[in-house]
Amino acid sequence: MRIDKLALISLAMAAIFGAAPTIAADKVKIGFVATLTTPAAVIGNDMKDAFELAYAHIGGKMAGLEVEIIYEDDGFKPEIGKQKTDKLVKQDDVDFITGYIWSHVLLASRKSALDAGIFMISANAGPHQMAGKLCHKNFFSTSWQNDQTPMALGEVLNQRGVKSLYIMSPNYAAGKDMAAGVERTFTGEIKGKDMTKWGKDAQLDFSAELAKAKASGAEAIFAFYPGKAGGAFINQYMQAGLDGRMALYTVYTVDALSLPKFQKADMKGVLGSLMTQFWSPDLDTPQNKIFVSAFLEKYGRYPSFYAAQSYDTLFFIKSAVEAVGGDLSDMDGMRAAMEKADYPSVRGPYTYGNNHFPIQNFYLREAATDSEGRWTTKIISTVYTSHQDIYAQECKL
Amino acid sequence: MEWILFVSQVLNGLQLGILLFLLAAGLTLVFGIMNFINLAHGSLYMMGAYFCVTLTSLLGSFPLAVLLSIPLTFVLGIAIERLVVRHLYQRDHLDQVLATFGLILFFNGAVHLLWGAEGNPIRLPDYLNGRVTLLAGIEIPAFRLAIIATGLMVAGGLIWLVGKTRMGMLIRAGASNRRMAGALGVDIKKLFTLVFALGAAMAGLAGMMIAPITEAYIGMGDDILIVALVVIIIGGIGSIRGAFVAALLVGMIDVMGRAYLDSFMKLFMNIQSAETASPALSAMAIYILMAGILYFRPRGLFPPKHR
Amino acid sequence: MIAVLLAFAVLPGVTAILEQPFLLDLALRIMILSCAAVSLNLILGYGGMISFGHAAYIGIGAYALGIPAYYGAYSGYLQLPLAIGAGALFALVTGFICLRTKGVYFIMITLAFAQMAYFAFVSIEEYGGDDGLVIDRRSTFTGIVDMEANLEFYYVTFAFLLGALFLVSRIVNARFGMVVQGAKSNEARMQSLGFDTFRYRLSCYVIAGAMAAAAGWLMGNYNYFFSPEMMSWTRSGELIFMVVLGGAGSLFGPVLGAVVLIILEEQLSGATVYWPLVLGAILVAVVIFARGGIDGAIAKLERRK
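Those sequence lines, one after another, are chains R, W and C. Counting in the numbering used here, the first sequence runs from 1 upward without gaps. Counting in the numbering used here, the second sequence runs from 1 upward without gaps. Counting in the numbering used here, the third sequence runs from 1 upward without gaps.
Treat the hints as calculated values from the structure; they're not laboratory data. Hints are supplied without guarantee of correctness; some may be wrong.
What the hints assert, rightly or not - In silico SDA-like pairs for lysine to any residue, Cα to Cα no more than 25 Å straight-line:
no., chain 1, residue 1, chain 2, residue 2
1, C, K102, W, L72
2, R, K137, C, L23
3, R, K214, W, F6
4, R, K193, R, S216
5, C, K184, C, I288
6, R, K48, W, V66
7, C, K184, W, D95
8, W, K190, W, K266
9, R, K90, C, E152
10, R, K48, C, R137
11, R, K289, R, D266
12, R, K264, W, S57
13, R, K264, W, V66
14, W, K266, R, K318
15, R, K197, W, M167
16, W, K266, R, K90
17, R, K61, R, D330
18, R, K197, W, M256
19, R, K268, W, W160
20, R, K133, R, E79
21, R, K340, R, K90
22, R, K111, C, M147
23, W, K190, W, M167
24, R, K137, R, L296
25, R, K111, C, L23
26, C, K102, W, H93
Said to hold, decoys possible - To spell it out: a stretch of chain C is covered by chain R in this simulated footprint if at least three of its residues, at any positions, have a beta carbon under 8 Å from a beta carbon of chain R; those stretches are:
no., region
27, 18 to 27
28, 223 to 235
All residues carry an ideal CB built from backbone N, CA and C; glycine is no exception.
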């Protein structure tokens, strides 16, 4: 054991020392930071699956250059996300860095990526700081700004005549944005708000809060519980007998990742619940039809919005690389191309605001069954057309 | 009705307390009798839940799955005791902490490998998924009532086992004075294995009870373990009665804190701060409680005699 | 030990030649955590006080950097003393209470205080709460050193590591340290010799806390980021691992432990997504089979020769 240990140390050090960097100017290197361990890995894997699908669809090349993708796991922690960003940027010399599921991971990794002078594209997280004060010419989002989706939901509540609401959301950057978003547009009364404990030991037993919600007498309940918390929340919502008593309005909670689970556990209370989003599997655009059917065929399940954003990102990058004919040193040229958003997006055509966040539509969706009996989400109506986030004026670009 | 809400919250606190007791009882016995700190106790909680997940979907029945998962976790406990724990009884607490910390990592990785990264829900039978109306219009989800009932039954069974059977007498003897018990001819090795496995089974049961509410997921035992440690310190190491009282106390404080602290804090600070601060502060409460209790009763509330 | 220190000293040159700037990042992390592990070794290895809350000091040091930075005060002359002072104060107050207990109660009480600090910082919305906050600029020491320059920051960190090792070796070999070590093996005897062991241990505890806070200050600077996560109990556990893995009670052990643990984590997490399984098994095996950690193993090797 002892000699082995010494050998281990030297071996390890040698292995690291020995790893030579590949300086290849004939490749497009893309770094992808996502959560691949912890229960939240279900999101990271969905995004990775979509990115791989896109890779196959573009034939693995952009402007004749080979594309190399390096995936790294952030373990759901900002510090690790930053470390992995550092590694991708400094050791692997990537030309683009993308992924970033979580707002707090994005914020912690921002400096590492942008200081290195490469493009940082968030394929999910949309914290208001990145849309406002911390906007950057090399930062782009292919998703949305956190507040937009709940703002659309607040509007829906008004349109449907809901007079009182109870809010439950986790106590972290995105959770706060979501609650703030609903509060911004909802004109009714907010009977109560609970920001539950988040982080690696997130609170998953909502008995106390749901009891409060019930007692508050609010007409409806708004919830934002991504990842594993979503399952727990819906489960307990039903167990507390709230389905039928307090209508359920959610964002980023009921989606293609959680619906198969709900269906397997026969949690019918989730069907009919309403949510807003910029996209849905049944959105009728040419690119989306290709994407959804290919995803269904390859992976046997519907893609989530995370996957949709991921898929778009690779095509987005491709449009920039091809606009400069593969000359990756022409940052200005690529940026100009990106700002045009001139690529086939699954959400249909859209434009970019000055802060490089999409100006796009938001739809009201409902959890329903498709023609084959699978639980999915369907668009009911359009809530916002070409909506821009409210932080764009704070951005100096 | 304000007081209906209050009673609901009390029941919630009771339910959480019972679950904590199931987890803490094994921990305190193992610590009290074998002087062994087992951080991997939370992993046994997790494994019980995962066994139940698989068995529920195989057998189609949750109650049946629970009945089978308990002995399965018991056997897992035996295996861990024989393979790892046994070698560490003579070592100091530090080594025990580290080895069991390594076990936590090991089980988290194993579960990821065998069941995947995603959380696994457990489907409850319909009669457990509804609500039960108690007197005066107080509703409680049926399953939470089932947890309370199960927990009380197990607590009762444990007290009977420890207090009224020969086995229990041996356990108490071992808790009071291990060497003497050994000298008097008790097969200490078997006793230790049994106690460890018993604790494992109870932890597993707690995991199985919580999984239908929160899903079984990787690392689910890690942070509740710390709470369980606080519980046994408050209750007194080696004391089942202490674990019961402390568990209920901690469960109540946690739920009541989450339920009422933010309203309380809004009285003297702005809404924004109160909403962020109160979940954190109610989490702090149990540590403050522990520190306070240790100050007045350095051995906990009900330490077994002759420790 | 000399070999590893030399390796760190010349690493910047080597990495420049090999064009592997990321290695510097790795080495920086190792050195910073080594500082914290060395400070823990002082109380755990030499003093026998098993603190399960040592990561709290790292967090305190980082917040002592981050909070002034949040208000625009970037001066290192403010932040560093603040970090050390805050760490020492927290150690003094909590140590006063904790050191009255022994054994597992000591472990639990140190854990409890660390958790309280953790939750306290989580509850402060202003400084990011659970998410933590990003720092725009590292500590400034105008005229002396530019911390933003990676090379200079590297050598500052290296200096801290050397300083930590030096400090611990002096303490341990001085009468003060002898008393603490004596108290570890037999407290009654030390007391009968007339030493107020409580005071000696408390002083030791405070020094260790201050040192760990300095490591936290370095960590916050390195990451440009601080969050309550830095003081979680799993971090404390990792620190204990480094000390024991390397060999508790040996001067250089914690550094070796930090090297091995971080490199292991780095390599394993790159190799497989199931790395906890492998790492956990290794750690269990090390504890069961390799008493005395790496340093002990090397010593045994040398004795065999």
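* Distance restraint between C/K102 and W/L72, which requires alpha-carbon spacing of 25 Å or less -> violated (37 Å)
Just to be careful, I want the Cα atoms of R/K61 and R/D330 compared with a cutoff of 25 Å; is the pair within it? The hint holds at about 18 Å.
(request) Please work out if R/K197 and W/M167 have their alpha carbons no farther apart than 25 Å. (result) Judged against 25 Å, a Cα distance of about 42 Å means the pair is violated.
Requested in this report: Take a quick look at whether R/K264 and W/S57 sit within 25 Å of each other, Cα to Cα.
Outcome: Holds, at roughly 10 Å.
- Message: Can you confirm whether the C-alpha distance between R/K193 and R/S216 stays at or below 25 Å?
- Response: holds (10 Å)
Tell me if the straight-line CA distance from R/K268 to W/W160 falls inside 25 Å.
violated (42 Å)
Given the hinted pair R/K48 and W/V66, is their Cα-Cα distance within 25 Å? violated (36 Å)
Item to check | Straight-line alpha-carbon gap R/K111 to C/M147, limit 25 Å | outcome: Satisfied, since the Cα-Cα distance of roughly 16 Å is no more than 25 Å.
Please work out if C/K184 and W/D95 have their alpha carbons no farther apart than 25 Å.
-> holds (17 Å)
- Message: Next pair to validate is C/K102 with W/H93; report whether the Cα-Cα distance is within 25 Å.
- Response: Cα-Cα ~12 Å, so holds.
- Query: Keeping to a limit of 25 Å between CA atoms, is the pair of W/K266 and R/K90 held or broken?
  - Reply: Distance of about 48 Å is beyond 25 Å: violated.
Item checked: Stated coverage of the region 223 to 235 of chain C by chain R [criterion: 3+ residues, CB within 8 Å] -> Coverage by chain R holds here, the residue count being 7 at a Cβ distance below 8 Å.
When each numbered hint is compared with the structure, violations occur for hints 1, 2, 6, 8, 10, 11, 14, 15, 16, 19, 21, 24.
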